[in-house]
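There are 4 protein chains.
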Amino acid sequence: MSKLKIAIVGCGYWGQNLIRNFADLADVEVFAVCDFNLNALARIKRRYPTVELRHDFQEILADPRIDAIVIATPVSTHYSFAKAALRSGKHVLVEKPLATSTQQVLDLMELADRKHLTLMVDHTFIYTGAVRQMKSIIDAGTIGKLLYLDSVRISLGLVQNDINVMWDLAPHDFSIMDYLCQEAPVAVSAVGTKHLGCAFENISYVTAHFSSSMIAHFHLNWLAPVKVRKTLIGGTKQMIVYDDMESTEKVRVYDKGITVSKDPQDRERLLTGYRNGDMTAPNLDTTEALRLMTREFVESITQNRLPLSDGFAGYRVVRLLEAAQQSMMSNGEPIELAHELDRQTALDSPVAVSA
Amino acid sequence: MSKLKIAIVGCGYWGQNLIRNFADLADVEVFAVCDFNLNALARIKRRYPTVELRHDFQEILADPRIDAIVIATPVSTHYSFAKAALRSGKHVLVEKPLATSTQQVLDLMELADRKHLTLMVDHTFIYTGAVRQMKSIIDAGTIGKLLYLDSVRISLGLVQNDINVMWDLAPHDFSIMDYLCQEAPVAVSAVGTKHLGCAFENISYVTAHFSSSMIAHFHLNWLAPVKVRKTLIGGTKQMIVYDDMESTEKVRVYDKGITVSKDPQDRERLLTGYRNGDMTAPNLDTTEALRLMTREFVESITQNRLPLSDGFAGYRVVRLLEAAQQSMMSNGEPIELAHELDRQTALDSPVAVSA
Amino acid sequence: MSKLKIAIVGCGYWGQNLIRNFADLADVEVFAVCDFNLNALARIKRRYPTVELRHDFQEILADPRIDAIVIATPVSTHYSFAKAALRSGKHVLVEKPLATSTQQVLDLMELADRKHLTLMVDHTFIYTGAVRQMKSIIDAGTIGKLLYLDSVRISLGLVQNDINVMWDLAPHDFSIMDYLCQEAPVAVSAVGTKHLGCAFENISYVTAHFSSSMIAHFHLNWLAPVKVRKTLIGGTKQMIVYDDMESTEKVRVYDKGITVSKDPQDRERLLTGYRNGDMTAPNLDTTEALRLMTREFVESITQNRLPLSDGFAGYRVVRLLEAAQQSMMSNGEPIELAHELDRQTALDSPVAVSA
Amino acid sequence: MSKLKIAIVGCGYWGQNLIRNFADLADVEVFAVCDFNLNALARIKRRYPTVELRHDFQEILADPRIDAIVIATPVSTHYSFAKAALRSGKHVLVEKPLATSTQQVLDLMELADRKHLTLMVDHTFIYTGAVRQMKSIIDAGTIGKLLYLDSVRISLGLVQNDINVMWDLAPHDFSIMDYLCQEAPVAVSAVGTKHLGCAFENISYVTAHFSSSMIAHFHLNWLAPVKVRKTLIGGTKQMIVYDDMESTEKVRVYDKGITVSKDPQDRERLLTGYRNGDMTAPNLDTTEALRLMTREFVESITQNRLPLSDGFAGYRVVRLLEAAQQSMMSNGEPIELAHELDRQTALDSPVAVSA
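From first to last, the protein sequence lines are chains A, B, C and D. Counted the way the working numbering counts, the first sequence spans residues 31 to 385. Counted the way the working numbering counts, the second sequence spans residues 31 to 385. Counted the way the working numbering counts, the third sequence spans residues 31 to 385. Counted the way the working numbering counts, the fourth sequence spans residues 31 to 385.
Among these hints, one or two may not hold up.
Since the list gives no way to pick out one identical chain from another, each pair is judged satisfied if it fits inside one copy or across any two copies.
[As the list claims (entries may be wrong)] Here are the simulated lysine-lysine pairs, DSSO-like style, with alpha carbons at most 30 Å apart:
1. Lys260 x Lys35
2. Lys175 x Lys267
3. Lys113 x Lys175
4. Lys224 x Lys165
5. Lys267 x Lys224
6. Lys35 x Lys224
7. Lys267 x Lys113
8. Lys175 x Lys224
9. Lys145 x Lys33
10. Lys35 x Lys113
11. Lys113 x Lys33
To be clear, the hints were calculated from the coordinates, so they are not data collected in a lab. Bear in mind the structure is a predicted one, so any value in this text is a computation, not a measurement.
Could you put together the complete structure from these sequences and hints?
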C-alpha cells in the first residue's frame, strides 16, 4: 500500500512537533509543508531535505498527490483553512481549538460527513499516559462518584495576538474534562481581566456547573511567575492529583475521603469521619502523546472510522469556550448550555449551516 | 504595674494556642478559662494548675478582677459573647471572623468606642513573618502596581458544623488581601457546592473585582487530598509566590514579567517582551504570629490605642464574606460593595444599630 | 496501683519533650526535674508547677520516692549519670547514644542485669510510624533481599561542644539500620573533616560493609544550607525512599528494579531489564514517636521485661560509632567488627568491666 | 571560508545529540557518520539525508575531505579511535572520559601537540548555564573559601557493559569539581559494590581529600528508584545547592553560615553563631550546553588554540578516576595523587609514551 501523503500548514513550534511525529510514522510521507515565513520553511528544509516547501496554501489544496492536511496555524484561521481543505477532498487534522464558534464546527462536521472525510482535532492531552490512566481509574469506579475537578494551568506564557488566555489554554482542560467525566456541564460562568494594554484577557477563571453537585473550575493565566499544570479530581471514595510538571509520578491517587452520617441520637447532627489511606502513583505509559494522536489520525483515515477526538469532540470543547466567553463578557453571568447533544442531534441543530 | 488579667472563653484547639501565648507574656495573667466541656477544662488545669476554671460565662462577665476576654468559640456565638463582654466593661479579642454580619460588627465597634474599650479580631496571618515581609515588599513599590492576587487554601479539612468552608477559611485570605493591597474591591462574586449531605458548602470559589484591572481570586476547599496554602501576587515589575506549606523560603520574589509596547511601525500591533530575572527568597522573621498578635492586643489596651486588626479591619473582612455569601446564594451574581468606607463613615452608616 | 515516679535530668530542648510526653502518660508522675541551669528549672516550673526542682543530682539519687531516672544531658555525662542511677536502684532511660564506648555500655548492661533494673536508650526513630512501616515491609519480604541503605542527615545544625557530627547524628541512622536490617555489618569505615576552627568534625561520611554485597552509607553534616533527612533502601524487588522532611507520604515504595540474566546465546553477556511499576506511599501511624518510646520504658518496668531499645541495642549502635571513630582517625581504614554478638556473648566478653 | 567537515563515530543516544548540534552550526558540515549498526545509520539517514554513511572507521580515517572526528563510542574504544584519528591528521573530540588511563591520555596529548591538532573532551556540564553561573559566583569570592562539595548522581540507570558506575557517571562530577575549585585534591578514596551478578560496580562512593580542610564526596548509583542530580557546595560565607533536576532555579545561593569565635572569657570555649540570610536563585543562561561545547570545539580549531576542555582537563579527570578505581580495589585505601601538574609537567612525566 502506498504511504499516506500529508501536508502540514504552519511551521511554528507545534507544527514542527507534528512534522517530527508524522515523519516517524512508517506508513506516512510528510510530502509538503506550508508557511508564509520563508525562514521557517528553510529551517524545515535543513532538517527534512526531501519535503516540498510551499508558501501558497492554494498549491496545497490543488495538489492531487496530497491526501491529508494538518492545520497548525493561528486559531482565527482554523475554520477557513479546514473548510477549504475539506472542500478540496483532503482529510483534515486541526490544532485545538477546532474553530472559534460552534457554528463553524458544525459546518465543518457536516462537510466532512458529506464528503466522507476525516475531521479531527488535536486534543493532545487525552492521548497522554497520565490522562488515559485517570480515564481508566474513573471508568473502573474505584474513585466513586465525581464531586469536583479543579484545574490550574498557568505560566509566564506566550501572550497570543489573536485570542485570550482562555481560548489558548482552556481547550486542554475542557478536552480533559470532556474525556474523563461521564456527566456534561449544564452551565458555564467565567471572569477575566486584561493587563498591560493587552487587547485580550490574560487571566481567566472559568466554572462549569453540573446538574449534580459536581463542580469544575479552571484557572488560566499567562502572567504567573511559575509554571503550574495541576488538576485535582475529587471522588466520593478516592481523590486524584494530576501534576503534569512532575517528571514522573504525574498521577497520584489518594485513598482519602470524608464520610458523613447522621447521628442516630440527634436527627439534625452530622457525624463526619475522615479516611486516610495509602497514596499510589501508578506507572504511566510514557509514549509521546503526539505519537498516539498522529497515529489515530492516520488509522481513522485508513480504517474509515471516526477518530477519538473527532469533530464532535471539538464541538463539545468549543461549546464550552463559546459559553465561557459569553459569560466573561456578561460580568460572569452563568450561561446555560443546551441539553447535551449526541453527534447527530448537534448536526441537525439549526445552527449548522451548509457549506 | 499589675498584670493584665485575661479570661479565655473556648478551650478548643485554637483556644489552647491562645492560652499558651498569653501565658508566656510577662505582663499578662491568664486568670480564668471558660468552656462547657469539663474534660477540656480539666486538660487545661493539668497544664496550668493556677488558672481558674469556669463553665458559666456569666461568672466571667461578673468578675471585676478580669480586664479582658478572649473569645475562641464557634463563629455563630462571637457577636453575643463579644457584646456581653463589652457591656460588662471588658476589652475583647475575638477569633476570626469577628461576627456573622457587618451590622453585628458595626454594633460591636460602636459599643467599644462608646465604652473606650479595645475591640480586636485575631487576623493571625497578618502577624506572620511571611505576610509582613510581603507587605514591606509591596509598600516599597519594587513589585510595581498589583495586577492580581490568587489564593488557594485547601485540605482534607475539618468540616465545620455551623459555617461553610468560605466563612471558615476565607477570613485568612481576605484579611491578607486587605492588609497587603492598597486598593479595595468594588464587587465580589462567588460560587460553591455542597457534597456528602453537608448542610454547608464545602467548596467555594470567590472573585473580588476592583475598579482597576486588578483581580483577586480565592479557592477554598475542605475536600482536597493534599494541603495547599499558596498565594500568587502579580505586579507589573515583580511577582510573589507565598507558599505557607514550605518550612522555609515561604516567600519567593520573582524578578519576572512581561512588557508590552506598541510596534512603532504598526499602530495596532503589540510587541511583547519577557523578562526573566533572579528569584529571591528573603529571610523571614520566625516569631510565632500568635505571639505578636497577643502582644498587640495587650499593648493596644495598655497604650489606649486601636490595634492593627481592630474592629474596622474585622468589618472589612466580614463585608467581603457577607457579599460573597450573597453572591453564592444568587448563582454567582456580582455583589457591589459600597464605596470603601473609612472607619468613621462605616460607624455613621445607617446599619449601625445602638447596643 | 501507684504511679511510677520519674525524675528527668537535663531540661534542654529534648528534656522538655521528654517531660511533656511523660507528663501525658496516665500511670506516670513527673516527680522531679534536675538541671544546673536555674533559668531552665524556672521555665519548667511555670509550665509544670507541681514538679519538684533540683539542681543537685545527688538529691535525685538519694530520694527513695523516685523510681526511674531519665538522662537527657550531654553525651559525655551519660555513662557516669546512668551508672550512679543504676547503683542507686533506679531504672534508667538514657538519650542516644547510650555512652561513649562499648566498654561503658557493657558495664551499664551488666549492672542493670545484676540489679534487675531496666536500662533503655532513646533510639527515637525506631518508634516512628515511618520506620515501623518500613520494618513491616522489609520483614514481609516484598522488597526482596536488601542491596543498600543510603542515608543523608544534614542541616545547618547546632554545632555541639563535646562530640563531633557523627556521634551527634549517626546514632539515629545506625539505630534505624540496626532495626531494619536482618544482617549486621562486618566492618565500618569513615572520613570526616573539621572546619571553622571547630575541635570536632562537622562533616562525616560513614560506610558500613556487610559479608553479602549489601552496603550502607551515611552522610552527616552540620554545615548544610538545607535540611535533608532522606534514606534510600534498595532491595532486589522493590526500593524505598524515606524522606522525613515530608509532612505526609514520608515513605514511598517503588516497584522498580533491574533484572539481569545471562544471554543464552553468549555465556559472557548479561541482559539487563528494567522494571518500572507503581509507587505507593502507605498511610503511616502518626502517633508521636516519643509517646511510644516513653510508654515502652514504663511498660518494660511494670512488665519486668527488656524494652525494644534495650542496653544491647545501645551497644550495637555504640559499637558502630566506636569503629567509625577509629576509622576516621586512621585515614578511613576499614575497622572490622567482631562477629555479631548476641546479648549474652557481649556481656561475657572481656571488655565488660565490673561496676 | 569553506565549512569544517566533521565525521561522527557512534550514533547512539549521545551521538545523535552531537549530530544535531553540529548540524545546527553554520560553519560546520556533518559530512559523515560511522557506526557498526546499520539500523542506526539508516535512522540517521532519514533525518539527515545528505550525510554520508560509513560502517568502516578506516574509510573515515582515509578520507582527506574530513577535517575532524567526533568519537561517541564505548569508553574502552576511545583511546584507539582517538589515536588513529590524530595519526591521520584529524582534529578529535572525544566523549567523556577521554580514555581509560592517564597514560593513554598523555599519549594522546603528546600526539595532538606534535601534530598541531585539537584534542578535546566533551565535559558537557562545564558548558551548562548552571555550572558557569556557579563558577562566576565562586570566582567572585562572595561564597568565601570552599569547605566542601557533595554530589549525588543516582537513578535507575542504564547499566553499562564495559565500565562501572563510577567511570560512567563520575566524569561529570569530577569535571565540575575540577572546573569550579581552585584547589586540586591530594588523595582519593572510594568504595563500591556489585549487585545482581553484574561484572562491574553499580554503586560507588568516592571521597576527594585536599591539603586544606576541604572535602569532596560523590555518590554514584545505577540502582536508585529516583533520579537525583544534586550538588551542595559549602563556603565560609555562602552555600550553594545545585539541583539539576529542577526545570528552573537549578542554582540556589544561600546566605547562610556558621561563625565560630573564641569566648574571650574562656580560652577553650568556642562561641557559635548562625547566620540566616536570603536565598537567591540567579537567572541562568539556558543555551544548550552541547551548543556551546560543539562551538568551542570548532572555534578552538579555527582559532588554533586550546579548547576549554582540552586534553589536560581530560587528564585531570582520568587521574581521579584512575586513583578512585585503585582505591576501590584496595578496600578504600586513600590513593595519593602526585602534586598537581601543569600541562607541560604532565606531558614531561615518564608515563607519557610516544605514539
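Legend entry - Within, between, both or neither: Lys113, Lys175 at alpha-carbon 30 Å: neither (40 Å within a copy, 45 Å between copies)
Legend entry - Lys267 and Lys113: within-copy, between-copy, both or neither at 30 Å Cα: neither (46 Å within a copy, 44 Å between copies)
Legend entry - Within, between, both or neither: Lys260, Lys35 at alpha-carbon 30 Å: Answer is neither; intra-copy 38 Å and inter-copy 47 Å both fail.
Legend entry - Up to 30 Å CA-CA - Lys33 versus Lys145, copy category: Close inside one copy (21 Å), not across copies (52 Å); limit 30 Å.
Inset, instruction - Give the relationship of Lys175 and Lys224 under a CA distance limit of 30 Å: within one copy only, between copies only, both, or neither. - result: Between copies only: 14 Å across chains, 37 Å inside a chain, cut-off 30 Å.
Inset, instruction - Could you figure out if Lys35 and Lys113 sit no more than 30 Å apart (CA to CA) within one copy, between two copies, both or neither? - result: within (19 Å within a copy, 47 Å between copies)
Legend entry - Within, between, both or neither, where Lys175 and Lys267 count as close if Cα-Cα is 30 Å or less: within (8 Å within a copy, 35 Å between copies)
Inset, instruction - Could you figure out if Lys267 and Lys224 sit no more than 30 Å apart (CA to CA) within one copy, between two copies, both or neither? - result: between (40 Å within a copy, 16 Å between copies)
Legend entry - Intra- versus inter-subunit Cα pairing at 30 Å for Lys35 with Lys224: Answer is neither: 43 Å inside a copy and 52 Å across each miss the 30 Å cutoff.
Inset, instruction - Indicate which option fits the pair Lys224, Lys165 if close means a Cα-Cα distance not exceeding 30 Å: within, between, both or neither. - result: Only across copies: Lys224 and Lys165 sit 25 Å apart there, 35 Å inside one copy, limit 30 Å.
Inset, instruction - Go through the copies and call it for Lys113 and Lys33: within, between, both or neither, with a Cα cutoff of 30 Å. - result: within (24 Å within a copy, 46 Å between copies)
Violated hints for the displayed structure, listed by number in ascending order: 1, 3, 6, 7.
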